[in-house]
Amino acid sequence: MTNKSRFFLSIFILVGFCVFGYLSNSVSKETFSSITTELTLRQAVDLAKEEVYKWNPNAQLSNIVSVDNPEEKNKTDGIDGKRRYWNLQFVAQIEKKSMGLTIHDGQIVNKWYGEDDSGRGFDIPSIFDSSDALKKTIALYNIKPGKGWAGGYHFQLAKQKEKLVMTVFGRDSKNNFSRVDFDILTGEITSALHKVPYGGGFYSGNSNAPLFNDEQTTLIGSVMSPNFVSDKSLFLWGIRNESNSPFIEMSKDGGLSWININIQNLNNIVNVQFSDNYKQDRTVFITTNDRILKSTNLGNIWEIIYVSKQEIISSFWDSNKFAILTNNNNVLVSSDEENWVSFDTPEGGSNILINSNGSLILKTIDSIYARNADVWTNIKVPFKNPYGEPKHISDKLMINSYNTIGLQDDFTGEWNITRTLYQIENVWLVQNSEFSQDPTIYAYSKDGRLFRIQKGGGSFQVKLSNKGTIAQIINASNNLFFLMNPILEWENWVKG
Amino acid sequence: MKKIWIIGMAVLSTILTFSFGEVNTTYAAAHVYANQDVTAYVRYSTSTKPAGGGDYYWGVAAVRYQGSNPLNPIVPFGTTVSTSLPIKSPIGSGTSFTVIDTGAMKPALSPNNLDIYWGEWYNQDSALSFGQNKMTLTYYY
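These protein sequence lines are chains A and B, in that order.
Quick note: the first sequence uses the working numbering, first residue 4, plus one each step.
Quick note: the second sequence uses the working numbering, first residue 810, plus one each step.
Honestly, the hints are just simulated from the structure, not real lab data.
Just so you know, not all the hints are guaranteed correct.
The list that follows gives simulated cross-link-like pairs (lysine-lysine, DSS-like), each with its CA atoms no further than 27 Å apart [to be verified]:
hint, chain 1, residue 1, chain 2, residue 2
1, A, Lys-387, B, Lys-897
2, A, Lys-297, A, Lys-312
3, B, Lys-897, A, Lys-114
4, A, Lys-394, A, Lys-498
5, B, Lys-897, A, Lys-394
6, A, Lys-114, A, Lys-139
7, B, Lys-897, A, Lys-297
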């Protein structure tokens with residue numbers, strides 16, 4: 004064999020072995036990832052113990068909970084009291100230290116360490132497992148497996164009020180999130196609860212009768228025509244709870260009756276906006292996670308004007324200028340809905356809008372930027388930790404923190420600051436019917452009170468008679484409309 | 810000589826394959842998010858039960874939703890959230906919190922924020938002074 008032949012033979016063998024090795028490796032990974040091992044709560048604790056005692060022989064369990072398998076959202080897991088994924092917490096009470104472990108498919112895949120001074124450690128009892136608890140819960144309450152988040156049946160063991168409580172999580176007959184607690188030492192049920200929705204819907208003023216309410220839906224947004232007083236047109240959108248699918252409804256009589264807008268392959272709705280000139284052009288835009296739709300005939304026919312390869316997370320339309328923010332730190336702007344110009348944004352943008360100067364305003368996790376002369380400039384907000392979703396109406400930009408509301412004039416740049424004595428949950432900037440007046444600020448506190456902020460900073464509490472949490476406030480002819488989410492309350496669950 | 814050459818090549822190729830090929834079978838069980846909002850909430854008289862529904866206790870957390878879809882919370886049920894700094898409240902202190910419920914839809918905070926139960930209404934001042942803190946949060950699931 005010549006040296007040349009030997010060289011080519013060597014290359015051939017090298018490539019051959021590499022290909023064989025790669026394929027073998029791929030197959031073994033495939034086999035590895037397809038192995039699923041489900042454990043009961045007790046088995047998960049036994050698996051973790053050896054590792055934990057190496058860390059601290061006096062460690063005590065403080066919490067174990069089964070974890071959703073994110074890869075299989077629609078599968079019924081936990082049917083026999085076993086789950087693939089578990090999280091466990093152990094504490095060393097004297098040292099005030101903690102150790103956490105994650106189990107996937109019968110293997111400890113993660114360990115972490117921290118501090119704990121809660122005194123919640125307990126010795127592991129040897130009786131009553133998740134499979135026993137589930138059998139008993141199904142027999143007594145006919146608990147159903149959940150779909151989506153908290154899918155299947157879930158299990159937890161933790162100390163509550165000095166009792167060791169094992170909990171089975173699932174759904175009741177109306178698909179409400181439900182839980183049954185057992186005293187693990189006696190096996191007796193100590194509590195059965197389900198999370199029941201109250202209130203919610205779309206209300207005019209302080210009326211108790213909603214203009215729109217459907218227990219099977221969750222409302223997310225609403226928008227009114229700029230000529231609502233005369234044309235009574237408005238849109239509502241949200242999610243159908245059972246199917247987890249979006250819907251959009253239109254009313255042409257101020258909410259007395261509703262027409263479902265049927266759009267094929269409708270993705271989650273980000274925003275709906277009327278044209279400023281809706282009275283003449285009858286134009287409405289819907290932005291979803293992947294496209295922008297436009298109707299010029301009262302919502303009867305919708306045409307796609309833009310399709311995004313990246314997920315759209317925020318959009319804004321103002322005076323023929325469209326801006327959309329995507330999840331890859333990119334903003335696209337168009338003045339004619341055909342030609343789109345793309346800009347990179349600072350990292351982590353969450354909201355985009357356009358101010359009265361035509362400047363783009365971007366909110367990121369902890370900063371606000373304006374884009375002027377092709378440069379993003381950090382807007383100096385005169386208070387710490389602004390976190391509210393920015394709002395813009397009538398030449399005013401509004402930002403808030405947990406106890407401060409700032410209103411900046413687009414033209415002068417001056418800030419008007421209001422501090423509150425309550426924790427702010429959300430704020431809205433509502434246009435008054437007299438456009439010469441400044442918009443009114445409404446602040447919603449964490450404990451469910453609504454305040455109208457007066458000029459000079461005083462707050463007047465607004466009486467609310469409808470039940471739920473406010474998701475949005477809009478105004479038409481000095482009449483406020485409230486979009487309410489239901490309050491979900493944990494209540495006793497009666498057997499049956 | 811020829812045999813040694815072939816065996817040498819085989820050994821070398823095997824080493825190369827397993828050195829540079831993708832053999833990482835570690836699960837993506839830890840998800841780290843820097844610069845996240847950590848806030849505190851108290852129980853007011855209008856709420857009958859805490860996140861999770863059982864008796865109130867330290868270490869329970871609720872999570873919010875992805876985007877505007879309230880049926881799609883940001884992390885799976887059972888996730889443990891570990892904070893980069895110990896949290897000290899009137900009812901306990903530590904660095905780990907277990908997600909067993911969802912909260913109301915509130916878009917205001919950073920995408921992977923954590924809202925920690927701080928006890929009854931009379932701890933409101935303490936919760937307010939804890940305020941809004943930026944921390945690195947690690948989600949284990």
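Verification of the hints:
For the proposed pair A/Lys-387 and B/Lys-897, the alpha carbon gap of about 22 Å is at most 27 Å, so the pair holds. Of the supplied pair hints, the one linking A/Lys-297 and A/Lys-312 holds, its CA atoms being roughly 18 Å apart against a limit of 27 Å. Pair hint B/Lys-897 plus A/Lys-114 holds up; C-alpha atoms about 23 Å apart against a cutoff of 27 Å. With a CA separation close to 47 Å, the supplied pair A/Lys-394 and A/Lys-498 exceeds the 27 Å bound.
Annotation: proposed proximity of B/Lys-897 to A/Lys-394 is violated, straight-line Cα distance about 34 Å (limit 27 Å). Between the alpha carbons of A/Lys-114 and A/Lys-139 the distance comes to roughly 33 Å, so the proposed pair goes past 27 Å and is violated. Simply put, B/Lys-897 and A/Lys-297 have alpha-carbon atoms about 51 Å apart, too far for the 27 Å limit, and the pair is violated.
Comparing the model with each earlier hint shows violations of hints 4, 5, 6, 7; every other hint is respected.
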